Amino acid sequence: DAEITQSPRHKITETGRQVTLACHQTWNHNNMFWYRQDLGHGLRLIHYSYGVQDTNKGEVSDGYSVSRSNTEDLPLTLESAASSQTSVYFCASSEQGAYNEQFFGPGTRLTVL
Amino acid sequence: DQQVKQNSPSLSVQEGRISILNCDYTNSMFDYFLWYKKYPAEGPTFLISISSIKDKNEDGRFTVFLNKSAKHLSLHIVPSQPGDSAVYFCAATGTGTGSARQLTFGSGTQLTVLP
Numbered sequence: 001d002a003e004i005t006q007s008p009r010h011k012i013t014e015t016g017r018q019v020t021l022a023c024h025q026t027w028n029h030n031n032m033f034w035y036r037q038d039l040g041h042g043l044r045l046i047h048y049s050y051g052v053q054d055t056n057k058g059e060v061s062d063g064y065s066v067s068r069s070n071t072e073d074l075p076l077t078l079e080s081a082a083s084s085q086t087s088v089y090f091c092a093s094s095e096q097g098a099y100n101e102q103f104f105g106p107g108t109r110l111t112v113l
Numbered sequence: 114d115q116q117v118k119q120n121s122p123s124l125s126v127q128e129g130r131i132s133i134l135n136c137d138y139t140n141s142m143f144d145y146f147l148w149y150k151k152y153p154a155e156g157p158t159f160l161i162s163i164s165s166i167k168d169k170n171e172d173g174r175f176t177v178f179l180n181k182s183a184k185h186l187s188l189h190i191v192p193s194q195p196g197d198s199a200v201y202f203c204a205a206t207g208t209g210t211g212s213a214r215q216l217t218f219g220s221g222t223q224l225t226v227l228p
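So the sequence lines, in the order shown, correspond to chains Y and H.
Residue numbers for the first sequence follow our numbering, so the first one is 1 and each next one is one higher.
Residue numbers for the second sequence follow our numbering, so the first one is 114 and each next one is one higher.
A couple of the hints might just be wrong.
[As the list claims (entries may be wrong)] Pairwise CB distance ranges, derived in the manner of DEER restraints:
#, chain 1, residue 1, chain 2, residue 2, range
1, Y, Glu-95, H, Met-142, 16 to 26 Å
2, H, Glu-128, Y, Asp-73, 34 to 44 Å
3, Y, Asn-56, H, Phe-159, 15 to 25 Å
[What the hints assert, rightly or not] In silico lysine-lysine, DSSO-like type, Cα no more than 27 Å apart, as pairs:
#, chain 1, residue 1, chain 2, residue 2
4, H, Lys-118, Y, Lys-57
5, Y, Lys-57, H, Lys-150
6, H, Lys-169, H, Lys-150
7, Y, Lys-57, Y, Lys-11
8, H, Lys-150, H, Lys-167
9, H, Lys-169, H, Lys-181
10, H, Lys-150, H, Lys-181
11, H, Lys-167, H, Lys-118
12, H, Lys-150, Y, Lys-11
Note that these hints are calculated values from the structure, not bench results.
Quick caveat: nothing in here was measured; it's all calculated off a predicted structure.
Even for Gly, the Cβ is constructed at its ideal location relative to N, Cα and C.
Let the hints inform the model, and build the full structure from the sequences given.
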């Protein structure tokens with residue numbers, strides 16, 4: 001069965017370190033998204049991609065970067081982790097076109113000390 | 114400035130009764146609305162959606178109502194079951210949000226169905 005996976009599921013890091021969160025989907029979806037979930041804010045969009053070599057900034061992109069070298073993967077990098085980036089991160093994917101639901105991964109809980 | 118608001122952080126309902134979850138939006142460009150359900154330690158899963166050309170969409174025990182003039186939608190669950198206990202997110206999208214149809218989420222409502 002097609003799926004979307006995230007790794008690691010839990011990560012503890014220190015302020016200033018570079019961290020990369022992996023997202024892999026086997027749906028062959030063109031669109032991929034990264035969100036963060038914080039209490040009181042719901043899910044906020046960090047970055048998204050419409051296809052290979054395409055990346056775009058979302059609502060809360062400062063301090064994050066993504067790259068899309070193939071259809072299946074959209075890794076999220078925190079260049080220099082900050083305590084404000086402690087959060088739960090969700091990756092999602094969808095087919096191209098309007099009104100297509102997004103399928104979410106299980107999430108990565110990141111703690112920055 | 115939250116464009117999608119869920120003003121009730123939590124809701125408790127007795128098993129078998131109706132659960133009503135509410136959502137308000139401010140952006141007039143939104144034309145498609147979705148509800149996602151999220152269990153602890155899992156990602157959100159799509160539950161039901163509604164286009165702005167409709168005012169009601171039903172799927173089994175779940176019905177979503179849309180009142181465009183009030184910019185308000187609600188999710189009704191009848192009858193509520195203990196397995197419905199989860200966080201429910203309202204989301205909206207519309208023209209001008211990009212070809213990928215970016216979603217704007219509310220902050221979520223924790224539903225607890227008591228046995």
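Q: Check each numbered hint from earlier against the structure, then list the numbers of those it violates in ascending order.
A: Going through the list in order, the structure violates no hint and respects every one.
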